[in-house]
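> Please work from the sequences and hints to get the whole structure.
Read in UniProt numbering, the sequence shown has 66 at position 66, and its numbers run on one by one without any break.
Since the hints were derived computationally from the structure, they do not count as laboratory data. A few of these clues could be false.
Unchecked claim - Below, a list of computed lysine-lysine pairs in the DSSO-like style, where the Cα atoms sit at most 30 Å apart:
#1 Lys109 x Lys138
#2 Lys76 x Lys233
#3 Lys191 x Lys109
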Amino acid sequence: MRLEQARAYIEIQNKKYQDDPQSIINSTLSTTLNKDNTGNEARTLSILCRIYVGSIFYDLTEANIRSVFAPYGSIKSINLKIDPSTGKHNGYCFIDYDLPEAAFLAVEKMNGADFGGRKLKVGRPFNFDINLLQTLPKPSPSRIYIANVNEYLTEENLTSLFTPFGEIEQCSLIPDPITRKHKNCGFIEFKNEDNATSAVLNMNGFVIGDQAFQVRKSIVGGPMPEGMKALDKMPNLSANIPADVWETANSINNNIAAVPNKNNTINPVEPHPEIEKINKQEENMSLEENMSISASQRFSIMQKLARNDKESTVVLLENMVTADEIDEDLQSEITSECSKYGEVVKVVVWIVPESPSDEVRIFIQFNTTEAAAKANTELDGRYFGGRQLKAKLYDLEKFNEKDYAQ
Numbered sequence: 001m002r003l004e005q006a007r008a009y010i011e012i013q014n015k016k017y018q019d020d021p022q023s024i025i026n027s028t029l030s031t032t033l034n035k036d037n038t039g040n041e042a043r044t045l046s047i048l049c050r051i052y053v054g055s056i057f058y059d060l061t062e063a064n065i066r067s068v069f070a071p072y073g074s075i076k077s078i079n080l081k082i083d084p085s086t087g088k089h090n091g092y093c094f095i096d097y098d099l100p101e102a103a104f105l106a107v108e109k110m111n112g113a114d115f116g117g118r119k120l121k122v123g124r125p126f127n128f129d130i131n132l133l134q135t136l137p138k139p140s141p142s143r144i145y146i147a148n149v150n151e152y153l154t155e156e157n158l159t160s161l162f163t164p165f166g167e168i169e170q171c172s173l174i175p176d177p178i179t180r181k182h183k184n185c186g187f188i189e190f191k192n193e194d195n196a197t198s199a200v201l202n203m204n205g206f207v208i209g210d211q212a213f214q215v216r217k218s219i220v221g222g223p224m225p226e227g228m229k230a231l232d233k234m235p236n237l238s239a240n241i242p243a244d245v246w247e248t249a250n251s252i253n254n255n256i257a258a259v260p261n262k263n264n265t266i267n268p269v270e271p272h273p274e275i276e277k278i279n280k281q282e283e284n285m286s287l288e289e290n291m292s293i294s295a296s297q298r299f300s301i302m303q304k305l306a307r308n309d310k311e312s313t314v315v316l317l318e319n320m321v322t323a324d325e326i327d328e329d330l331q332s333e334i335t336s337e338c339s340k341y342g343e344v345v346k347v348v349v350w351i352v353p354e355s356p357s358d359e360v361r362i363f364i365q366f367n368t369t370e371a372a373a374k375a376n377t378e379l380d381g382r383y384f385g386g387r388q389l390k391a392k393l394y395d396l397e398k399f400n401e402k403d404y405a406q
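This is the structure we're talking about:
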């Protein structure tokens, strides 16, 4: 009955679109991409699937964050680091989605959203570059991405709901081999582009099963996913673990939970050196885009920096945030992010006086000139929250004199 009502509503909305096709705002639905297939596709996809979330209220948990960001797509992992001294997180995290479309939706919808009494800062890590899309297959203009699909809706249900917009060639929900259900998201391929555009305009935010669809055009091309029928070829992972294993695991977990922690803090575990090395490589955003640089090239870059900038331990970042985006967490977030280049001594956030655009300058002082030079090289030109950073070395003497205007 509810599906019939939904279809009737969609028929009305589709007629409105056909009567007034000029209402389409194409610029918000498509991106012109050039084919330039360079780099590693898997690494590129991982960068496109990752978002940064800042200004998180300290009492919120990973479960809270997951519940708010899951409507945009299947979440692979949430990296929410805990401060061992307080037992609380540092006010920011990284979220990795399974699909880049989910990450794009999350940034579009959640940046500036109120969550726990704070406005979230949702954007991209330093290594994100919109031009990375050019290295991937061109997206199909007639394909749409849909998320926040109720678990009881099937591919057949979705096909029935979206058919009023035009002929559908394929509807595929992403399967979960463990639960044997879909991951609440998938793709629909229409016969032509206009049908897909109409579906996005009318169905984004459409509520069925108490969940609002999140719909946009696809970001990455290539073959359509096989959909739920792919489960027929997948092993039943949930059935491979014997019941006595679950019982033993639960018993161990209960025993661990029963051990009191006198300081109410989380005891850090020293990682194996090789694991720590891998983790640092994964978190170092700069290395993800510069794996092929040679020793001679790096030396050449350092020589150029030495010629153009006076040697200094201070890096100036511009075009990172606006004045109204500054909060109490910004300095700690920058310190944490930039510590991958070397020990951070001090971070100064300075609003340029009488600036018509509320220009903000961020100064990062490192303990060595080598760390500052590396940060300057890696950060200049990178993207953060949709903005391209400008980085340069800043005169140490002027910094010590608190002269931030040069």
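> Kindly indicate which numbered hints from before are broken by the structure, ordering the numbers from low to high.
none
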